[in-house]
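J.: One letter stands for each residue in the lines below.
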Amino acid sequence: SAVISQKPSRDICQRGTSLTIQCQVDSQVTMMFWYRQQPGQSLTLIATANQGSEATYESGFVIDKFPISRPNLTFSTLTVSNMSPEDSSIYLCSVSRDGGNQPQHFGDGTRLSIL
Amino acid sequence: DAKTTQPTSMDCAEGRAANLPCNHSTISGNEYVYWYRQIHSQGPQYIIHGLKNNETNEMASLIITEDRKSSTLILPHATLRDTAVYYCIAHNDYKLSFGAGTTVTVRA
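Residue numbers (my numbering), protein chains in the order written: chain C, 18 to 132; chain V, 421 to 528.
Some hints could be false.
[What the hints assert, rightly or not] Distance ranges between label pairs, derived from CB positions:
#1 81(C) / 512(V): 29 to 35 Å
#2 30(C) / 449(V): 43 to 49 Å
#3 30(C) / 448(V): 41 to 47 Å
Derived by calculation from the structure, the hints in this document are not laboratory data. We put the beta carbon where it would ideally sit given N, CA and C, even for glycine.
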């Protein structure tokens with residue numbers, strides 16, 4: 018399976034600031050996704066990162082708050098903008114080689130705490 | 421995605437088989453059953469998936485009932501490192517809907 022690296026692995030930020038999380042894959046993949054896992058909760062899909070076009074956001078998530086880039090088939094970034102304590106979560110990147118009924122493989126996430 | 425129902429928690433003895441049930445009574449014909457697990461402080465790990473037939477890989481076996489309304493994930497020889505939250509997901513596209521899963525604790 019693909020090796021997925023996320024940076025940073027954790028961070029503590031001040032409210033009102035923004036943080037960009039990077040996701041790097043060791044091979045080209047068709048689909049890249051971003052998830053959020055709030056404390057004690059399960060994972061929720063934020064958006065699908067589309068190469069060469071705007072990301073596709075799930076209900077409850079908007080581009081102004083979570084801008085996403087995907088410049089090529091191995092890299093994506095998620096920015097958490099104007100952070101508040103409610104944004105304290107683990108943010109995870111996942112990839113799927115072909116989409117559809119192919120397994121997704123996850124990075125170990127970025128643990129974000131907002132003071 | 422079809423709704424899935426799993427027990428909240430299970431205890432298993434180290435070295436014994438762990439059988440994790442999942443109910444997906446509203447699954448549609450083209451939805452696969454996927455299993456993932458999340459070990460503490462790590463991202464979810466793909467385990468196995470199947471449509472109709474039973475499946476086996478190096479990690480586990482997946483038994484799907486003939487009517488496809490339920491399935492069982494079998495870890496043949498549970499180890500302490502198998503302690504994790506196990507998620508059963510029924511879906512047919514790229515979107516994964518994670519429920520609460522089953523917290524499995526393997527005890528020595």
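J.: Range first: 43 to 49 Å. Now tell me if the beta carbons of residue 30(C) and residue 449(V) are that far apart.
T.: 46 Å, holds
J.: Taking 29 to 35 Å as the hint, is the beta-carbon distance of residue 81(C) and residue 512(V) inside that range?
T.: Holds, at about 31 Å.
J.: So does residue 30(C) sit 41 to 47 Å from residue 448(V), Cβ to Cβ?
T.: 42 Å, holds
In terms of the numbered hints stated before, the structure departs from none.
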